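J.: This is what each chain is made of:
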Amino acid sequence: MNDWFPEILSWPFLAAGSFFYLVGSIGLMRMPDVYTRMHATSVSDTFGAALLLIGMMITAGFSLVTAKLLIILLILLYTGPVATHALARAARYAKVEPVLHKGEEGSSSKL
Amino acid sequence: MFTAAAIAVALAHVFAVYRALKGPTVFDRVLAANTIGTAAILLLAVLGFLTERPEFLDIGITYGLLNLIGTLAVLKFFRYGDLARSAEEEPADT
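Residue numbers (our numbering), protein chains in the order written: chain A, 740 to 850; chain B, 630 to 723.
Please keep in mind that the hints were generated in silico from the structure rather than gathered at the bench.
All values reported here derive from a predicted model rather than from experimental measurement.
Quick reminder that beta carbons are idealized off the backbone N, C-alpha and C, glycines included.
Any given hint could turn out to be false.
Below, simulated DSSO-like cross-link-like pairs (lysine-lysine); rule was C-alpha separation at most 30 Å, straight line [what the hints assert, rightly or not]: (1) B:Lys-705 <-> B:Lys-651; (2) A:Lys-834 <-> B:Lys-651; (3) A:Lys-834 <-> B:Lys-705; (4) A:Lys-841 <-> B:Lys-651.
Computed footprint of chain B on chain A; a stretch qualifies when at least three of its residues, placed anywhere within it, have a C-beta under 8 Å from a C-beta of chain B [to be verified]: (5) 758-768; (6) 797-804.
Hey, can you work out the whole structure from these sequences and the hints?
T.: This is the structure we're talking about:
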C-alpha cells in the first residue's frame, strides 16, 4: 500500500465523524431539557468520537499511535455512558421534570 | 481533512460553552462540562495528528480518566449535598 491510500481511506471516517460530532453538539444546544440533551451528546460522544478515532487509526497504520488511539477509544466508550447514567440519576433525584409536551417551561427544578 | 475535524470539534466546544452558560439547571452545566472534556480529548488527538506530535495522545488518555472522576464527584456532591456520605443509604424519596 503506497502512502496515499490510508490517507484517502481515512477521509470518509473523519468526515462522517465530524458530521456526527456537530450533530450531537447542535442537539446539545437546541434540545428542550436535560434528558434530551443527554441523549444528543451521547450521540456525538460515542459515534462521532469513534468514527474520528477510527479515521485517525487508519492514518496512523500499525504503530504505537494506533494503540494509544485504541486506548482512548475504549476510555471514551466506557466513561461516556457511566457519566451520563450518573447524571440522569442525579437529575432524577433532584426532581428535574422532563418536558413531555410542547410549550412547557424548560425544567421546573429549583436548582 | 484533519483541519475539518479540528474545526468541527472546536465548534462543539463553542456549543458546549453556550449550553454551560445558559443551562437552567446545574445538570446542564455538568453535562456541558462533560462534553467539553470529551471534545478536549478529541481536539488533542486531532491536533496531535496535525502537528505530527504523538505525545498529545498520552495527555488525552490521562484527561479522559480525569474527566470521568470529575463528573462523578460533582454528581455525587449534588446528589447528597456533600461528598462525605457513602452511597448505602438511598434518599427516602426515590
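J.: Honestly, which of those hints from before does the structure not fit?
T.: The structure breaks none of the hints.
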